[in-house]
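Undergrad: Here's the letter readout for the chains.
Protein chains: 2
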Amino acid sequence: MTLRTKFNPEAHELDAKFRLTKYTALHGGACKVPSDVLNRLLEELGGIDQFQDDQFLGGMIIPKMGIGLDSCVIPLRFGGLSLIQTTDFFYPLVDDPYMMGKIACCNVLSDLYAMGVTECDNMLMLLGISSKFSEKARDVVVPLMMRGFKDCAEEAGTTVNGGQTVLNPWCLIGGVATAVCQLNEFIMPNNAVPGDVLVLTKPLGTQVSCNAHQWLEQKSDKWNRIKLIVTEEEVEKAYQDSMFIMARLNKTAAQLMHTHNSHGATDVTGFGILGHAQNLVKQQKNAVNFIIHNLPCIAKMAAIAKCCGNTFGLLQGTSAETSGGLLICLPREQAAKYCAEIKKVEGHQAWIIGIVEGGNQTAKIIDKPRVIEVETLDDGTVQSVPPTTTSRRPNHPKAVVQEPQKVVLQQIPQAVQEQPDLPVVSQQLPTIIQQIEQTPASMHQQTICNITPVTLQTSQQVQQVIVEDPQQYQHMQQQAQYQNHH
Amino acid sequence: MTLRTKFNPEAHELDAKFRLTKYTALHGGACKVPSDVLNRLLEELGGIDQFQDDQFLGGMIIPKMGIGLDSCVIPLRFGGLSLIQTTDFFYPLVDDPYMMGKIACCNVLSDLYAMGVTECDNMLMLLGISSKFSEKARDVVVPLMMRGFKDCAEEAGTTVNGGQTVLNPWCLIGGVATAVCQLNEFIMPNNAVPGDVLVLTKPLGTQVSCNAHQWLEQKSDKWNRIKLIVTEEEVEKAYQDSMFIMARLNKTAAQLMHTHNSHGATDVTGFGILGHAQNLVKQQKNAVNFIIHNLPCIAKMAAIAKCCGNTFGLLQGTSAETSGGLLICLPREQAAKYCAEIKKVEGHQAWIIGIVEGGNQTAKIIDKPRVIEVETLDDGTVQSVPPTTTSRRPNHPKAVVQEPQKVVLQQIPQAVQEQPDLPVVSQQLPTIIQQIEQTPASMHQQTICNITPVTLQTSQQVQQVIVEDPQQYQHMQQQAQYQNHH
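Protein chains in written order, with the numbering used here: chain A, 1 to 486; chain B, 1 to 486.
Hints in this document: simulated from the structure, not taken from any laboratory. All values reported here derive from a predicted model rather than from experimental measurement. Hints are supplied without guarantee of correctness; some may be wrong.
Heads up, the list lumps identical chains together, so a pair's fine if it works in one copy or across two of them.
Calculated pairs, DSS-like style, for lysine-lysine (alpha carbon to alpha carbon, straight line, at most 30 angstroms) [said to hold, decoys possible]:
(1) K219 / K136
(2) K282 / K136
(3) K132 / K285
(4) K219 / K285
(5) K368 / K6
(6) K219 / K282
(7) K306 / K285
(8) K222 / K132
(9) K344 / K227
(10) K344 / K219
(11) K219 / K132
(12) K22 / K136
(13) K17 / K132
(14) K344 / K136
(15) K136 / K6
(16) K282 / K17
(17) K337 / K368
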C-alpha cells in the first residue's frame, strides 16, 4: 500500500503547527445532536421527519422516511420514479484537508448506498470556512478540501454542481447527494426477517483513532494514559488506516446488495453501530430484533476505548463513526457469498457481525462481544489481523482446529433452518456466528463446524462463544486481559 | 395587516434578554464569503461549480450551471427530465425563531423560483444548534424554527423529508430544495436580449433593517448615530416589514415568469442586488449589460445606509439581502403587465428597476439611482410610499403630472424598438424607466409620457432622470438632502 504522505503545513507555506482539526471543538460524526434529544425535538414538532403515511405508488408501498434512515424517498410525478436524497455535514476530524474533503463526500454518498442506490445524479457541497483561518490558511485549505470532495465524487461517478459557502467559527464540510431512480434501483431498508444475518463493510473505531492521534500530537494527559498500551507507531498506523477507510466508497457494497437480495441496510455514522442498528430495526415491517455479536475494530482501538473508560462507547456500540460501513441485513444463505464477493471485487474484508431474530424492534450488542482486530495490509486492503503467535494456546479439545487463514464457517443444519423453533437448537442460534476470511466463495457451502460452548477464564461472566480457530480464542483472551488490566 | 406579536422570550420561560440573533456574529446573507474570494477559490480548483461543458439533451442545449446561479440543472437519464436543486443556509438575523425558520425556508425555495420552477418535490432541513444555547433555549427555539421552516414549506406546497442537525457555535438554519422537471417547467436564466427590462419583486434593505433594529435594542453607538434621522417606531416598523418581506414566497413571481415570457432571473441574497445582477449578466448568451436605475428600499433604510457611510452598500447595490426578491429579465412589452399581474394576485408591488442594453456582460447601477421608499400598508401589502406632502414642489413644467397613484408608464416609440441602433434615441434608452403603481393592467398600453431631463439642484452631478410625477421628484430631492446632510 502506498501510504499517503502526511499533510505537511510548511510545504504549503503554513505554520508548522497548523492543524485543520483545531478549527472545531467537535469532530466528524461526534457533532451529531444526541438521537434522544433530536427525537424529542422532532416529537414536539409533531411528525416532521418522522415515519409518515405510506404512499401508494405503482403497485408498491413506499413509505416516506425521515430521521430514522439516512435518505428520504419521495415518489415523483413521473412514471414510477422516486427522488432519493440525503445530506450530511460535520467538522474536520483529520488534518489532511484533501482527505477531509474525500471523507466528507464519501460520508454523504454512503447514505444513498445504504438504500442500494449506486448512481448519484448530483451532489451539492456545503462549506463553512472558519472565520479563524488566516487568509493564507483559507487559500490553501479550502481548495484542497474542495478538490478532495470533487475527486471523491468523480470516483463515485457523479459530479458536484452547486452548494453553499459561509463563514463559520468552525470549519465545516459536507454535502447533499441526490438520485432519481426507478423502483428496482433502490432497496427499501425495512424487509429484515428472522434468520437474516447482519453484515458490516468497514471496521469501527474511526473516531477513537482520530482522537488518539490528536492526543499523541498534543502529548496530552490522555496520551500519557493510553501510551501504556499502544505505541506511537500503532496510533499513527490506525489514524492512517482510518483515514483511508473513511475515504472509501460503499459503492461496491451497495451494488452487491442487489445481487445478494439484501433486506435493508443503513450506514454507520454519528450514532455508532448500535445507534444505527436501533434506527434500522425500528423501521422494520416484521417483528424482529438485531443481535450483534462481533465488533470488527481498527487494530488497538478496542484497547484504547477500554483504557479510556466512558470516553468512547466503542464496545457498547455508541462511539461515533464517520463515513462508516454499511450495516446490511442479508438472507443467511447470501451473507457469506456477499462477503466473499466484496472481497473479490475490492480486496477488503466484510464481517458477519450478528443476526436478526424474532422480537420487538430492538437492537443490542451481546454482553461480551467478540472484538475482531482489523488493519490495512501492505497491499492496501483492509483485513482482520491474522493470529501471529501460538503461545498460551488454551487447552480446548472441542474447538475445531483449521489451518490458519482458511475458511471457518458454521452453517446451521438444514433441520434448524426449517424448524427455527426447535427448542434446544434455537438457544444456540444467537451464538452462531459466521466469519469468512480470505475464502473463495466456492468453499462456503461445504465447511461446517461444530458449535462449541467455551468458558472464558478471565471473564467474570460465563459466556457461550463459538471458536472457529484456537488462535482466535487466544485473541479473545488477550481482549479479556485488556479488560482486566484497566 | 395583523402584526405578529413580537417574540417574547419570557412567554417561553426564557430570560427576558434572550435574543436569537446573539447566537451568531454574522447575520443572514451577510455570512456569504465575498464573491471575489469565492471565485478565486473556485478558480484554483479549476472548474468546479463553474460553467461547464454544455450537455445535449433531447434536442435542447442545457448548460450545467453552478455558482453564478442559484440552482443547478442536471439532465437525468429519464426522458427529458431535469434535476434542479439548490441549497442555502445562514445564521439568524431576526429574533423570532418561528419567523427565522420561515425565512430560511423561503430563502432556499427562492433559488428554485428564480428558475421559474414552481413545484418543489422535496426539502431537506439543515440545522446547527448553538452549542451556547441553554438546554431550555434549545428546547424552545429549535422546535419553533423547525415549525416555521415546515409551515413555509407547506405554504409552498412541498414537504420536508430529511436533513442534518449538528451542534455549532453559531445557530445555523437552512435547507435544500429539489425539483424534477420537464423542460417546459423551468426557464434557463440566460436569454436576456437588449431592450429587455429588469423587474424586482421585493424591496431591498432587509439587512439594514435588521442591523438597525439590533442597534436600537442595544442602544449602541451606532444607534446614537442613526437616531438623528429615524425614530424608534420607524426602525421597529421597518424590522417588522422586513421580516414579512423575507418570509414571503417568490412563488407567484415564478409562476408569472412563464406567462410573461421571462428571459431569465435570479434571486437577490448575500451579494446584494448588484452582485446578483453581475452573476446573472455573466451567464447571458447574448452580449448584454444590465443597467439599474431604481432602488426600491424598505422605508428609511436608504437614509440609514447613507448615514452609516460604508457600513452597508445599499445604494451601491452591495448590501447583503436575505430571502430577497427575484430580479427578472422580461421583454419590455411584458414587464408592466407582469407587475400588474403580481399585484393583482398577491397585492404586493413589483418594480421595474432597470434595463438590458447591448454590452459586454457587466451590470451597474447608475451614478445617482432613484430610491423608491417602500413600506407595508395596513392591509399587509407592500407598496411604494405614496407621496404625502406637496410643499416644495419644484417648478418643473415639462414633467407629466398625473393623478397620484395613477399609472405612469413610458413606452419606447415603436421606431426605437425596431431600430435599437438609432443613435439619438438610443442615448435616451438608459433613462427610460417605467414604473407601475396600483394600476389596472388595461391601462398600460395607452399611457405614454415624455422623457424629460431634470437637474437635481442638491446634487453635485448633473443627472438625467425621468419624472413621472412631481411628487416623486420632491421625494428625490429629499433623498439628495440626506446625502448632503451626512
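Undergrad: Next step is simple, just say for each hint if it's right about the structure.
TA: Hints versus structure:
In the homo-oligomer, the alpha carbons of K219 and K136 lie at most 30 angstroms apart inside one protomer (27 angstroms), although the nearest pairing across protomers, at 37 angstroms, exceeds that limit. Taking the shortest Cα distances, K282 and K136 sit within 30 angstroms of each other only across copies (28 angstroms), while inside one copy they are farther apart (48 angstroms). Neither within a single protomer nor between protomers do K132 and K285 lie at most 30 angstroms apart by alpha-carbon distance, with minima of 48 angstroms and 40 angstroms respectively. Proximity of K219 and K285 under a CA criterion of 30 angstroms is satisfied in neither setting, with 50 angstroms inside one chain copy and 59 angstroms between copies.
Proximity of K368 to K6 under the C-alpha cut-off of 30 angstroms is found in neither arrangement, the shortest distances being 37 angstroms within a copy and 56 angstroms between copies. When the C-alpha separation of K219 and K282 is checked against a cutoff of 30 angstroms, the pair qualifies neither within a copy, at 42 angstroms, nor between copies, at 52 angstroms. For the identical chains of this complex, K306 and K285 are neighbours neither inside a copy (36 angstroms) nor across copies (63 angstroms), given an alpha-carbon limit of 30 angstroms. In this assembly of identical chains, the alpha carbons of K222 and K132 lie at most 30 angstroms apart whether taken from the same copy (26 angstroms) or from different copies (26 angstroms).
Neither within a single protomer nor between protomers do K344 and K227 lie at most 30 angstroms apart by alpha-carbon distance, with minima of 37 angstroms and 74 angstroms respectively. In this assembly of identical chains, the alpha carbons of K344 and K219 never lie at most 30 angstroms apart, being 41 angstroms within a copy and 69 angstroms across copies at closest. Both within a single protomer and between protomers do K219 and K132 lie at most 30 angstroms apart by alpha-carbon distance, with minima of 24 angstroms and 28 angstroms respectively. Proximity of K22 to K136 under the C-alpha cut-off of 30 angstroms is found in both arrangements, the shortest distances being 16 angstroms within a copy and 29 angstroms between copies.
Taking the closest pair of Cα atoms, K17 and K132 come within 30 angstroms of each other both inside a single copy (15 angstroms) and across two copies (28 angstroms). Proximity of K344 and K136 under a CA criterion of 30 angstroms is satisfied in neither setting, with 44 angstroms inside one chain copy and 53 angstroms between copies. Taking the closest pair of Cα atoms, K136 and K6 come within 30 angstroms of each other only inside a single copy of the chain (20 angstroms); across copies the shortest separation is 43 angstroms, beyond that limit. Proximity of K282 to K17 under the C-alpha cut-off of 30 angstroms is found in neither arrangement, the shortest distances being 46 angstroms within a copy and 41 angstroms between copies.
In this assembly of identical chains, the alpha carbons of K337 and K368 lie at most 30 angstroms apart only when taken from the same copy (27 angstroms versus 74 angstroms across copies).
Going through the hint list in order, the structure does not satisfy hints 3, 4, 5, 6, 7, 9, 10, 14, 16.
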